[in-house]
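Undergrad: Sequence:
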Amino acid sequence: MNHKTKIYTSGFGLIEMIIGSAVLSVALLGISNFFQSTLRTSGITQSLVQGDYLLEEGMETMKLFRDTGYTNYFKNMSTTTTYYLTWNGTTWATTTTNTFIDGKFERKFTLTDVKRDANSDISSSGTYDPDIKLVTMSVAWSSPIAGTTTRAVKAYVVNIFNN
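FYI, in our numbering the residues of the sequence shown are 19 to 181.
No lab work stands behind these hints, which were simulated from the structure alone.
For glycine and all other residues, C-beta sits at the position ideal for the given N, C-alpha and C.
Some hints could be false.
What follows is a list of derived Cβ distance ranges for each label pair [to be verified]:
1) T89 - L57: 32 to 40 Å
2) S60 - L82: 16 to 24 Å
3) Y174 - T113: 20 to 28 Å
4) Q68 - D149: 28 to 36 Å
5) T98 - S160: 25 to 33 Å
6) L57 - S160: 15 to 23 Å
7) E74 - A111: 15 to 23 Å
8) I33 - Q54: 30 to 38 Å
9) D70 - A45: 36 to 44 Å
10) S60 - M35: 16 to 24 Å
11) T168 - I37: 32 to 40 Å
Using the sequences and the hints, build the whole thing.
TA: Structural data, given as structure tokens:
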């Protein structure tokens with residue numbers, strides 16, 4: 019008896035289909051993870067940009083307060099109080115009540131008295147100068163991915179208009 023075994027060499031076998039499916043699945047999973055991490059990162063970046071703009075807006079408001087009435091704003095404000103900015107639709111104001119911007123960002127500022135030494139340079143000790151304050155503006159926000167982020171900037175505000 020002569021039995022010949024027939025060998026098929028064309029077409030896909032089950033093993034090739036399983037391997038192809040596995041490679042495709044891994045590739046799609048990698049692409050999906052890449053897009054998810056990109057979306058997370060863009061959300062963090064968006065918050066950073068918004069926070070920086072709010073910080074800049076806060077410092078611009080301090081310059082506006084200086085320009086419109088240094089005495090009314092800075093000379094009469096306490097250096098032991100934390101202040102927040104509010105917008106009433108037409109003008110900026112300060113408050114001691116915490117206000118959140120867009121329900122997410124907390125912007126606050128504090129004032130520090132400034133002293134000058136015998137050479138009229140700013141120093142940690144010396145004579146108090148009522149016409150200059152150190153403003154510390156900060157913006158904080160929280161996100162589930164990055165946790166709490168705080169950005170701060172300090173600047174001197176000087177009574178250059180003698181008002």
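Undergrad: Evaluate each hint against the coordinates.
TA: We went through each hint and held it up to the structure:
1. T89 - L57: 32 to 40 Å: violated (49 Å)
2. S60 - L82: 16 to 24 Å: Given about 32 Å between the Cβ atoms, the range is violated.
3. Y174 - T113: 20 to 28 Å: Given range 20 to 28 Å: holds, Cβ gap about 23 Å.
4. Q68 - D149: 28 to 36 Å: holds (34 Å)
5. T98 - S160: 25 to 33 Å: Taking Cβ atoms as reference, T98 and S160 lie about 26 Å apart, which means the hint holds.
6. L57 - S160: 15 to 23 Å: Distance hint for L57, S160 holds at roughly 18 Å.
7. E74 - A111: 15 to 23 Å: Cβ of E74 to Cβ of A111: about 19 Å, so the range 15 to 23 Å holds.
8. I33 - Q54: 30 to 38 Å: holds (32 Å)
9. D70 - A45: 36 to 44 Å: holds (37 Å)
10. S60 - M35: 16 to 24 Å: violated (37 Å)
11. T168 - I37: 32 to 40 Å: About 51 Å separates the Cβ atoms of T168 and I37, which means 32 to 40 Å is violated.
Of the hints listed earlier, those the structure fails to meet are numbers 1, 2, 10 and 11, in rising order.
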